[in-house]
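Note that the protein sequences, when read in sequence, are chains A and B. Residue 95 in my numbering sits at position 95 of the first sequence; the count goes up by one each step and never skips. Residue 105 in my numbering sits at position 105 of the second sequence; the count goes up by one each step and never skips.
There may be inaccurate statements among the hints.
Claimed, not checked - Mimicking DSS-like on lysine-lysine, the simulated pairs with C-alpha atoms at most 25 angstroms apart in a straight line are:
| no. | chain 1 | residue 1 | chain 2 | residue 2 |
| --- | --- | --- | --- | --- |
| 1 | B | K27 | A | K154 |
| 2 | B | K59 | A | K41 |
| 3 | A | K118 | B | K59 |
| 4 | A | K118 | B | K27 |
| 5 | A | K136 | B | K8 |
| 6 | B | K53 | A | K8 |
| 7 | B | K12 | A | K159 |
| 8 | A | K136 | B | K53 |
| 9 | A | K118 | B | K162 |
| 10 | A | K159 | B | K59 |
| 11 | B | K59 | A | K44 |
| 12 | B | K53 | A | K154 |
| 13 | A | K2 | B | K59 |
| 14 | B | K53 | A | K159 |
| 15 | A | K154 | B | K8 |
| 16 | A | K154 | B | K43 |
| 17 | B | K54 | A | K8 |
| 18 | B | K8 | A | K159 |
| 19 | A | K154 | B | K12 |
| 20 | B | K21 | A | K154 |
| 21 | B | K21 | A | K118 |
| 22 | B | K90 | A | K118 |
| 23 | A | K118 | B | K54 |
| 24 | B | K43 | A | K136 |
| 25 | B | K8 | A | K8 |
| 26 | A | K118 | B | K43 |
Stated by the list, open to error - Residues of chain A placed beyond 10 angstroms of chain B at every Cβ, according to the derived structure:
| no. | residue |
| --- | --- |
| 27 | V17 |
| 28 | K47 |
| 29 | I49 |
| 30 | K118 |
| 31 | K136 |
Because the hints were derived from the structure by calculation, they are not lab data. Please read these numbers as outputs of a predicted model, since none were measured by experiment. Just so you know, even glycine gets a beta-carbon here, dropped at the ideal spot from N, CA and C.
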Amino acid sequence: MKQSDFVKIVMPFKDKVFRLAKRLLVSREEAEDATQEILLKLWKNNKKIEDYKNVEAFSMTMTKNFCLDRLKSKQAQNLKIVHSNYTDGNACLQKQVEAKDSVDWVSRIMEDLPEQQKIIVQLRDIEEYDFAEIAKMLDMNETAVRVNLSRARKTIREKLTNTHQYGIK
Amino acid sequence: MVLNNIEKLIEKYNNAETTLKEEAQLKAYFLSDDVAPHLEHYKPMFQYFSNSKKEQYTKDVPLKSIKTKLYQWISVAAVTVLMLGLIVPKVLGPSEQDLRDQEMALATYNQTMEAFNLISLGMNKGKTQLTNLALVSENINEGVEQASRLEEFNVITNRILKNK
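Isolated chain A, as found in the complex (with noise of 0.2 angstroms):
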């Protein structure tokens, strides 16, 4: 395979694996660290990509499980000295800055949700794959996904509300 190929299979669906592992990692320069090795390891195995039946499904599940250990080996080194700095130094002046913008409170939101739910939110809602898929891609059954997509919609909108309700916490 030569690499317009590989360019023309994987262009399609390389916003995708970012912003999965943006919405995962969070950091923007984590986020084009990962993408650039997944797809740095679909190149290497470019041999392989011929005989799997959906790309764009296998890339997905490859982001999902490399964020998921990025998060893992992080947490086990340091994260948890890093993150307690973080909450108290910027929390006050990161919610005054977002105060200004609710669009910003739906991220703040996500980034609340379980790992899971977060993956199948940006999944189904922001990059529209069907149950079907979703499920193939994260190894779950379709009920399990409308169950935990429901919740996380649901939580979603509760704190939504209530921001809208009371004004911003």
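Following the hints, position chain B against chain A.
Below, chain B alone, put in the same frame as chain A:
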């Protein structure tokens, strides 16, 4: 009418029962300007979704680097092989021990060759003696012949004597 429909869809949406088409409908509605006030709190959510879909991965992926890396490594390998080819025979070439062994082998070879030569000399001597023996046997045969002639001669003289 439309609002009623949207409310139903929202309900379904929250239970994750909407199809992609219906979700597109919802998105279109919430991205438009006239959203019913009691549904307004959904607006940022859909706005956020459509915004985040626009985000793109702009960094270049250095696909070529894999190949160039491979070539680099090939050249490194070639250089190491060359160096090894030059260094190894000098460092690990025939040591003194090896040379001594070779000399020893040569000496023993020469010795054995000498021994073989001696043996072959003896053999040749034996051969000449054998030819001598052959000569003797020839002489004996001649003697026997002559003796038989003598016998004939005797017979003839006897006959002559009888006739007289």
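Distance restraint between K136/A and K53/B, which requires alpha-carbon spacing of 25 angstroms or less: Answer holds: K136/A to K53/B is near 21 angstroms, not above 25 angstroms.
Restraint check for K27/B with K154/A, where alpha carbons must lie at most 25 angstroms apart: Between K27/B and K154/A the Cα gap is close to 17 angstroms, so the pair holds against 25 angstroms.
Holds or violated: K2/A to K59/B, with C-alpha atoms at most 25 angstroms apart: 20 angstroms, holds
Holds or violated: K59/B to K44/A, with C-alpha atoms at most 25 angstroms apart: 19 angstroms, holds
Agreement of K54/B and K8/A with the hint, judged by alpha carbon distance not exceeding 25 angstroms: This hinted pair holds, its Cα atoms lying about 20 angstroms apart.
Proposed proximity, K8/A with K8/B (alpha carbon, max 25 angstroms): 41 angstroms, violated
Pairwise hint evaluation, K118/A against K90/B, where the allowed Cα distance is 25 angstroms at most: 65 angstroms, violated
Agreement of K118/A and K162/B with the hint, judged by alpha carbon distance not exceeding 25 angstroms: 154 angstroms, violated
K159/A paired with K59/B [C-alpha distance capped at 25 angstroms]: 34 angstroms, violated
Minimum Cβ-Cβ distance from V17/A to chain B exceeds 10 angstroms: V17/A is in fact no farther than 10 angstroms from some Cβ atom of chain B, at 7 angstroms.
25 angstroms Cα cutoff - pair K118/A, K43/B: 19 angstroms, holds
Hint consistency between K21/B and K154/A [alpha-carbon to alpha-carbon, up to 25 angstroms]: 20 angstroms, holds
Taken one by one, the earlier hints fail for this structure at numbers 5, 9, 10, 22, 24, 25 and 27, listed in ascending order.
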